[in-house]
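A.B. asks: Keeping their order, the protein sequence lines are chains A and B.
Residues in the first sequence are numbered consecutively from 32, following our numbering.
Residues in the second sequence are numbered consecutively from 737, following our numbering.
Worth flagging that the hints you see were computed from the coordinates, not collected in a lab.
It is possible that some hints are incorrect.
Claimed, not checked - In silico lysine-lysine, DSS-like type, Cα no more than 27 Å apart, as pairs:
1) Lys-49/A x Lys-102/A
2) Lys-847/B x Lys-791/B
3) Lys-791/B x Lys-814/B
4) Lys-847/B x Lys-96/A
5) Lys-791/B x Lys-809/B
6) Lys-88/A x Lys-814/B
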Amino acid sequence: EAQVTQNPRYLITVTGKKLTVTCSQNMNHEYMSWYRQDPGLGLRQIYYSMNVEVTDKGDVPEGYKVSRKEKRNFPLILESPSPNQTSLYFCASSPNRDRVGPYEQYFGPGTRLTVT
Amino acid sequence: AQTVTQSQPEMSVQEAETVTLSCTYDTSESDYYLFWYKQPPSRQMILVIRQEAYKQQNATENRFSVNFQKAAKSFSLKISDSQLGDAAMYFCAYRSALLVGGSNYKLTFGKGTLLTVNP
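When you get a sec, could you build the whole thing from the sequences and use the hints?
C.D. replies: So this is what it looks like as C-alpha cells:
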C-alpha cells in the first residue's frame, strides 16, 4: 500500500529535550515536506527536500532541522524544543515532476507534539 | 507570495442538504492547481477534489463539486446530499504549476472551515 508513515503519532516532552519525528514514504517520491498545523493558521511549511541531500527552508523553519540521507526518509529534528512548537505536524511527499494523475501531495497521519 | 482565504471559520448543514464552502486566493501566476482537503477527527489529510487552472470545466467527484472562477480568483466547494461522515475541517490549498525551484511545490493553505452536519 502506498503510504507516508510518521512516528511517533503522539509525543509529550519537556522544553530543551531533543527529539526526532520520523517520516518515511514507499512511493519513491523525490519531494518531501514538513508542515505544522495550528488552530486558526491552517498548515504552514517548515522545510522541504527536492531529493537526497537537497533540503531548503519553508515558511516557518526556526527551531527545526531536517536531513535527507535516503530517498524514502525525511526526519524532522527539534534540537531544543520550546512550548511554541506544540503543534500537529504533517509529513508529505510527491513526485518532482508532474505526471498524469499524481501531482497531489500524499500526507502522513500526523504527529501531535506537546512541549511543556 | 500566494495567499488563500477561507472566510467561513465554521459552517453547518442539515443531513441530505447542500452546502457551499468558500475559498478565494491571490496569485500573479496564470497556471496553478487548487485543492480541497478534508480533515476528519482522525486528523488525516484527505484529498477531496482538485482543479487545474487551465481547465475551464469545473471538477466533480461524486457528491463534491467546485465552482472555479479564475478571473475572480474564487474556488468554492459544493457538497451535495450531505452525510454525517462529511463533518470535518476543510482546507482550500494552492500550488504553483511552475515546476522550477522547490518552493513552488509548496501547498499554501487557507485557515480552514469547520463543517458540522446535523442529523
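A.B. asks: Are there hints from earlier that the structure breaks, and if so, what are their numbers?
C.D. replies: 6
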